[in-house]
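K.L.:
Given chain X's structure and the hints, the job is docking chain B onto it.
Protein chains: 2
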Amino acid sequence: MAKRIITVSRQFGSGGRSIAKLAAQNLGYTYYDKELIKRVAEETHFDPDYIEENGEYAPGRTAFSFSPVFSGSAHYMGGMSAYDFLWVVQRNVILELADKEPCVIVGRCADFILRDRDDVLNAFIYAPMDFRADRIVRLYGESDKKPEERLKNKDSRRAVNYKHFTGREWGVCSNYDIALNSASIGVEECADIIVRLARGE
Amino acid sequence: MAKRIITVSRQFGSGGRSIAKLAAQNLGYTYYDKELIKRVAEETHFDPDYIEENGEYAPGRTAFSFSPVFSGSAHYMGGMSAYDFLWVVQRNVILELADKEPCVIVGRCADFILRDRDDVLNAFIYAPMDFRADRIVRLYGESDKKPEERLKNKDSRRAVNYKHFTGREWGVCSNYDIALNSASIGVEECADIIVRLARGE
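Keeping their order, the protein sequence lines are chains X and B. Going by the numbering used here, the letters in the first sequence line up with residues 106 to 306, in that order. Going by the numbering used here, the letters in the second sequence line up with residues 106 to 306, in that order.
What the hints contain is simulated information worked out from the structure, not anything from laboratory work. A portion of the hints provided could be inaccurate.
As the list claims (entries may be wrong) - Some chain B residues near chain X, calculated using beta-carbon distances under 7 Å:
id, residue
1, Y231
2, C278
3, D282
4, I283
5, A284
6, L285
7, N286
8, S289
We put the beta carbon where it would ideally sit given N, CA and C, even for glycine.
For reference, chain X alone in the conformation it holds in the complex (with noise of 0.2 Å):
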């Protein structure tokens, strides 16, 4: 069966994006990453940069330090923190863009989110340490220094996250119908393999 729906949830670095948007361009779907935060920030007035952080990772230590969202001394939003708010602000445009045309949809839980229909395909891309460290070095200009720790930091911080809304372990096997090592497949065969399915060839 064709899949009108795809969500890709990717480990940073891994070119989990770069698939997500080749497969949109083949499929002639709607690709949604960028243009989810600027709706979101539409809805919110929060400001991109914070949701592009926070849509996806659990607030790093500075922010539960110091941040009165996570100090406890602060409610607002109806009592909710922002964190929470913006949680459900991007659930709600996340469905309705499902509902609106066939799309493609980067990380932001959207696996869990979609989960009530039948007409998504949930894809999940990974690679190895070193092929991340490398491409987030050469392609995304991150320092050179400690590239792994970087990338630990927010591996941990996309499963915290997952886990917290979706009470699902980030990046196991079962939440998906398809998972790829990008690193061995490369990108191109990942992005056909998501097409194939999704059009049921």
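P.N.:
Only chain B this time, still in chain X's reference frame:
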């Protein structure tokens, strides 16, 4: 790059064996499952049923309680337990088969044993519990009394065996090049994806 060896690890009842067999047929590769057990039986003089059960599963509670091998009271095979001796022979047979000819090997930690080769594609096949429970009752003629318990027991003993000999967690994406949910993707499509990847298409 084309892959000469395919390893297929699988959750019990997921259809991994059918997928491996189909992929081997389509690729023209030798399929090693029962034949592997036969070879190991020739080398070890163990009963094939013992190999089938203990070459991939940690011993069940009964075996731990009553077998002299696990009670610590017996030393044989040069101080090696039967369980460890089976591992050593099984490992050597897998290394020899991989050297000999293009093949598909089901289970038995072959992904780990062949990790130093660069012509191997490692696939993991999984499926939700209800799909597997229905499958083992319908196709394998298993009792329909508590099939979920039997599946959990099998999964857990496979994970313990894998951890014991490889130090890795069984079924975690990062051990494999590709992980496929056979319930949502379908047995034939899973085999097709593996065939295309093996051919480097």
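K.L.:
Take the hints in turn and mark each one as holding or not.
P.N.:
Outcome of the hint check:
1. Y231: At about 5 Å, which falls below the 7 Å cut-off, the nearest Cβ of chain X leaves the hint on Y231(B) intact, so it holds.
2. C278: Holds - the Cβ of C278(B) comes within 7 Å of chain X, reaching about 5 Å at its closest.
3. D282: holds (5 Å)
4. I283: holds (6 Å)
5. A284: Constraint on A284(B) satisfied, holds at 4 Å.
6. L285: Interface hint status for L285(B): holds (6 Å vs cutoff 7 Å).
7. N286: Holds, because the Cβ-Cβ distance from N286(B) to chain X comes to roughly 5 Å (cut-off 7 Å).
8. S289: holds (4 Å)
Of the numbered hints listed earlier, not one is contradicted by the structure.
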